[in-house]
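One letter stands for each residue in the lines below.
Number of protein chains: 2
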Amino acid sequence: MKQSIKELKDLSKICRGDILKMTSVSKSGHPGGSMSSIDLYLSVFNRANIDPKQPFKKVRDKTVISHGHTSPGVYSALARFGFFNIEEVISGFRHPSSIFEGHVTRGIPGIEWTTGNLGQGLSVGVGFALAAKLKNEDSKVYVFSSDGESPKGQIAEARRTAKKENLNNLIVILDYNDIQISGRARDVLYVDLKAEYKSAGWNIIEVNGHDFEQINEALEIAENYKLGPTVIIAHTIIGKGVSFMENRHEYHGSPLSDEELEKALKELNIENDIQKFRTAREKLPLKKSEKNYPNEKLNVEYGTPITYENKKTDNRSAFGNALADIAKSNKEKFPVAAIDCDLLPSVKLGEFKKVNPEGYIQIGIQEHNAATISGSLSASGVLTFFADFGVFGLDEPFNQQRLNDINHSNLKTAITHSGTDVGEDGKTHQEVNYMGLIRSMYNTKLIVPSDPTQTDRVVRYAAQNEGNIVITMGRSKIDIIKTEEGKPFFDKNYKYEYGSIDEFRKGEKLTIITYGTFAHIAVDAADILKKEGIKINVIGIASPLHYNDEKLIPYLMNNKIITLEDHNVENGIANEISKTIVKNNININGMENFGFNEYAPSGSSELIRKIYGFDTEAFANKIKEFLG
Amino acid sequence: MKQSIKELKDLSKICRGDILKMTSVSKSGHPGGSMSSIDLYLSVFNRANIDPKQPFKKVRDKTVISHGHTSPGVYSALARFGFFNIEEVISGFRHPSSIFEGHVTRGIPGIEWTTGNLGQGLSVGVGFALAAKLKNEDSKVYVFSSDGESPKGQIAEARRTAKKENLNNLIVILDYNDIQISGRARDVLYVDLKAEYKSAGWNIIEVNGHDFEQINEALEIAENYKLGPTVIIAHTIIGKGVSFMENRHEYHGSPLSDEELEKALKELNIENDIQKFRTAREKLPLKKSEKNYPNEKLNVEYGTPITYENKKTDNRSAFGNALADIAKSNKEKFPVAAIDCDLLPSVKLGEFKKVNPEGYIQIGIQEHNAATISGSLSASGVLTFFADFGVFGLDEPFNQQRLNDINHSNLKTAITHSGTDVGEDGKTHQEVNYMGLIRSMYNTKLIVPSDPTQTDRVVRYAAQNEGNIVITMGRSKIDIIKTEEGKPFFDKNYKYEYGSIDEFRKGEKLTIITYGTFAHIAVDAADILKKEGIKINVIGIASPLHYNDEKLIPYLMNNKIITLEDHNVENGIANEISKTIVKNNININGMENFGFNEYAPSGSSELIRKIYGFDTEAFANKIKEFLG
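Protein sequences appear in the order of chains A and B.
Quick note on full-length UniProt numbering: the first sequence kicks off at 1 and runs consecutively.
Quick note on full-length UniProt numbering: the second sequence kicks off at 1 and runs consecutively.
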């Protein structure tokens with residue numbers, strides 16, 4: 001303990017003053033919950049192995065603020081422990097030029113993860129705790145949660161994983177103030193918190209969340225109780241410390257008026273110097289703040305690339321093989337993890353599990369939890385792949401993946417079943433939106449390889465390059481793509497580069513732009529047409545959201561253009577190509593876009609292609625028609 | 001009971017034969033789980049108020065199959081109760097031309113909801129049960145679930161709502177076979193089912209799921225036990241009925257080989273006539289099946305439109321006012337519901353709650369559950385609005401909204417906080433992807449009104465027109481849009497039409513295309529330029545995903561084009577306009593796209609606009625620059 005209980009008590013008044021001042025200066029924010037959580041923040045920051053001088057030192061305890069709107073409390077406590085200057089917080093809170101955003105934000109010293117969308121924090125903590133376990137680090141993870149967010153289903157999921165993985169180093173401190181926006185939490189939606197944590201096999205300790213002795217004693221027990229995860233249910237009072245704010249839900253998300261502030265600060269025995277901060281705020285520049293995202297760096301070995309030749313292979317198997325090889329090549333340097341949601345045979349993690357069993361993490365059918373755990377794990381020095389079907393890895397946890405994107409994590413999401421190439425499972429399992437979804441994420445790359453060899457290289461590229469990368473594949477076994485001369489297009493010397501384009505066939509007058517496994521349809525159709533003396537361009541773009549315009553333009557100019565994709569045609573590459581054409585003012589000779597414009601029925605990939613006119617012969621005829 | 005226990009026992013063998021045959025004929029599907037659930041299906045269909053002659057009669061009991069992959073069992077049981085021909089099922093299962101898709105699909109007689117993405121079924125059932133309650137109908141809802149899907153957090157959410165709403169008419173029948181893809185469920189991820197249902201206050205009955213007497217007795221109790229929702233935990237055996245399949249997870253998703261099938265049918269004492277079905281399947285046509293989506297029709301009164309004039313109003317308040325008026329005008333005819341996730345003051349449901357308290361449904365912070373409940377409720381004769389922030393109503397439950405889209409429900413989603421206009425909450429709360437997300441949904445409309453009056457009309461349009469409609473609004477108070485003469489652009493006679501475009505300003509050489517509240521920036525900038533003698537077009541498109549190309553083209557031709565949106569610029573209207581230009585081969589004089597290309601920081605809408613150059617003066621200058 002850095003400070004005595006006596007000193008914490010004094011700090012707790014000062015912090016309450018900070019909270020009220022910063023919310024009043026910014027005229028927004030959440031004072032009530034910050035005041036119910038503040039004694040918990042002070043207690044934990046006081047004990048944790050964290051260092052204001054090296055906030056992101058390699059081995060450290062980590063805190064996650066799942067109810068991220070209590071940022072005023074967090075900022076105040078961290079500032080008072082020396083992480084940054086409290087005056088900058090009070091004047092800058094929620095101003096664009098300040099790093100002190102409305103919800104706690106990764107990269108601020110002491111803040112490990114951006115939150116704000118409730119229910120994700122416990123999964124984040126599970127990821128951090130798993131990382132420590134995989135790295136054999138003796139560090140703890142403290143997750144702050146609240147009764148208000150407790151209904152979120154993802155929390156129930158995370159509890160189970162914490163128990164299953166026996167995360168002794170994980171402690172939840174739950175601010176139970178029984179108040180949320182609409183009134184008493186028990187009236188809005190009753191959650192029997194103790195029964196729920198108990199049903200998941202957690203240790204439960206209850207304390208008065210404003211009694212530092214009790215809080216410290218509970219933390220002491222939880223930190224040393226090595227019998228699985230512990231929740232400390234801290235009974236608190238919203239608005240605690242200012243008589244007229246206590247137990248009033250009206251102060252959940254509303255700052256005090258000037259008169260109320262004067263009265264409150266007097267009660268706390270704190271000088272009202274708010275004018276000083278208002279003046280400072282007015283002088284703040286009109287610009288955005290900049291932050292760094294402190295991912296632990298990994299120096300990843302490329303491994304021994306696998307080049308596929310004549311035997312048909314599904315891209316997902318090429319992924320599984322590459323991942324197993326990467327695990328073998330790197331696991332002595334840092335942990336390599338693969339996250340699975342009960343789909344091991346389908347997502348081809350069998351070989352990985354064999355060569356690296358400790359890195360195989362079975363989350364069960366809990367995709368929200370899995371996506372978030374994957375994100376925080378990936379940021380913590382563990383090379384992390386999350387393997388799943390498109391609908392379960394992207395659609396279901398879209399907002400979790402979006403928060404990973406906001407957090408600039410280092411996650412590799414391997415989608416083994418994308419587009420309509422999912423077998424006969426039908427429309428609920430056909431994920432034909434992946435371009436539309438990843439296009440929403442400013443910091444995530446999307447790669448869609450066309451054959452097993454390209455898949456192999458893409459997986460290695462993803463492993464070596466920092467940042468969130470999504471790789472989408474299909475279920476069916478396919479040939480490799482060959483040159484006109486019948487040689488492997490992606491041969492043993494091939495190396496993938498993000499943004500590159502592949503000239504599968506060279507021709508004139510017409511260019512097909514495609515990606516993923518549908519490239520085969522285009523190449524085969526081009527070869528049929530060649531026999532009839534018609535030569536066309538077939539261009540593969542494995543990174544359909546970010547490609548090199550300069551390199552593509554020559555294939556567009558004065559040509560007829562066809563886009564072809566196993567994707568919702570309104571949300572796919574046709575959008576990107578249209579933008580390229582318009583922005584660069586390219587003259588083209590007409591464009592046709594092929595993809596799906598409705599949910600396809602159950603059926604084998606082969607039958608679905610036939611029904612929609614994507615078998616090679618039919619498609620070749622469409623090209624001829626378009627050529628006129 | 002239509003059939004005696006003796007008859008059910010005989011049927012249960014026949015159905016097992018059907019299950020094995022259809023999966024073998026289609027060479028895919030899930031026999032194991034179908035055989036563990038089949039006795040439950042037969043027992044419920046035998047008791048329920050359902051009628052094969054009028055499968056969608058107005059008042060009926062409803063069943064939801066949450067583990068939709070057990071479709072072989074469901075189809076077989078329904079066929080044997082006369083809902084359709086079993087031979088068509090066996091030969092057509094999972095063939096594109098057949099209605100019998102891989103996962104149970106809404107519109108098939110007897111099937112109330114398409115599932116396949118696990119964890120949503122209980123919420124669907126809650127929606128159905130709530131609808132019955134709101135309509136004072138004496139009907140029951142049976143939800144079939146499984147231990148395999150039980151980890152999904154959404155189920156924990158739905159359990160709480162069922163309890164809170166005291167849904168006596170809701171019964172869960174849980175197939176507990178302890179097997180899933182990766183092995184024993186308890187090893188994949190342990191869920192203490194009894195403790196979890198108990199913690200949510202449910203009644204629990206345990207039975208042997210292959211003992212018809214026990215199952216029927218339990219159903220008898222559950223149907224009459226009016227003390228809140230009941231779960232019947234049915235202990236079953238995967239592959240039950242065929243000795244070599246029992247308790248083997250390998251048969252979860254794999255059909256039998258021909259030799260195995262022969263052996264299995266012999267054991268069941270059923271003739272092996274599979275060749276007949278294979279021959280029939282080969283003759284199936286190469287086309288898609290068609291289905292109807294039996295939403296209960298509503299004849300919605302328009303109410304008394306509210307026209308806003310000089311007082312600034314936020315669009316979300318205009319929504320709240322319109323919804324309250326619609327509730328008043330219609331609530332005697334059918335129930336009108338508004339679904340809230342603890343955001344009543346922000347999403348402006350206060351007035352609605354006052355005039356129609358029984359229709360106000362507080363789900364708490366459980367957005368996945370809320371979105372699904374809203375979907376099934378909306379399909380059941382209840383005019384349903386789901387009001388939430390963009391990040392909580394679209395991003396978080398994206399896959400739930402997608403399943404609503406697949407189900408062709410009749411839900412109106414009112415997004416009160418979209419784009420960057422969310423106040424100072426920061427990036428986690430800025431939903432700037434809504435076009436990208438809704439573009440992924442084939443059957444959902446998106447409308448983004450520009451001022452309070454247009455909002456009023458759009459809400460009434462949404463209420464009157466069947467189908468899923470998303471309306472996105474902003475938080476800030478805004479003026480109404482005025483004509484050049486200073487009159488209301490949307491006046492008392494205005495009526496909204498989907499796909500229409502609004503000519504806010506008429507000019508030449510340059511056209512700004514915009515929507516939502518950013519239309520004000522464009523209009524104001526145009527008015528500044530007009531004073532300098534420059535007249536430009538400002539076109540509002542309130543349905544940015546579906547507009548009338550013909551009407552827009554004259555504004556594009558030979559003009560410079562600017563798109564302006566409070567949205568991710570890569571995922572918004574620039575995509576649509578680019579496609580329109582390319583598809584129609586329109587000659588334009590250059591295009592610039594304005595929107596956001598990164599997560600914006602915390603800050604008031606005003607400051608964010610300034611930082612990104614979207615204050616009126618700066619934007620007017622950008623236009624001038626572009627005009628050259």
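FYI, nobody ran anything at the bench for these hints, they're computed from the structure.
Predicted, not measured: the structure shown is a model, and the values here were computed from it.
Please note: incorrect hints may appear among the correct ones.
The list treats identical chains as one, so a pair stands whether inside a single copy or across any two.
[Unchecked claim] Keeping only pairs whose Cα atoms sit at most 20 Å apart, straight-line, the calculated EDC-like set for lysine to aspartate or glutamate is:
| id | residue 1 | residue 2 |
| --- | --- | --- |
| 1 | 163 | 192 |
| 2 | 287 | 598 |
| 3 | 610 | 282 |
| 4 | 226 | 250 |
Alpha-carbon proximity between residue 610 and residue 282, which holds within one copy, between copies, both or neither at 20 Å: Cα proximity of residue 610 and residue 282: across copies only (15 Å, versus 65 Å in one copy).
Within, between, both or neither: residue 287, residue 598 at alpha-carbon 20 Å: between (44 Å within a copy, 14 Å between copies)
Same-copy or cross-copy closeness of residue 226 to residue 250 [CA-CA at most 20 Å]: For residue 226 and residue 250, the Cα distance exceeds 20 Å both inside one copy (40 Å) and across copies (37 Å).
Intra/inter-copy verdict for residue 163 and residue 192 if alpha-carbon distance must be at most 20 Å: So residue 163 and residue 192 pass the 20 Å test inside a copy (19 Å) and across (12 Å) alike.
Hint 4 alone, counting from the list given before, is not met by this structure.
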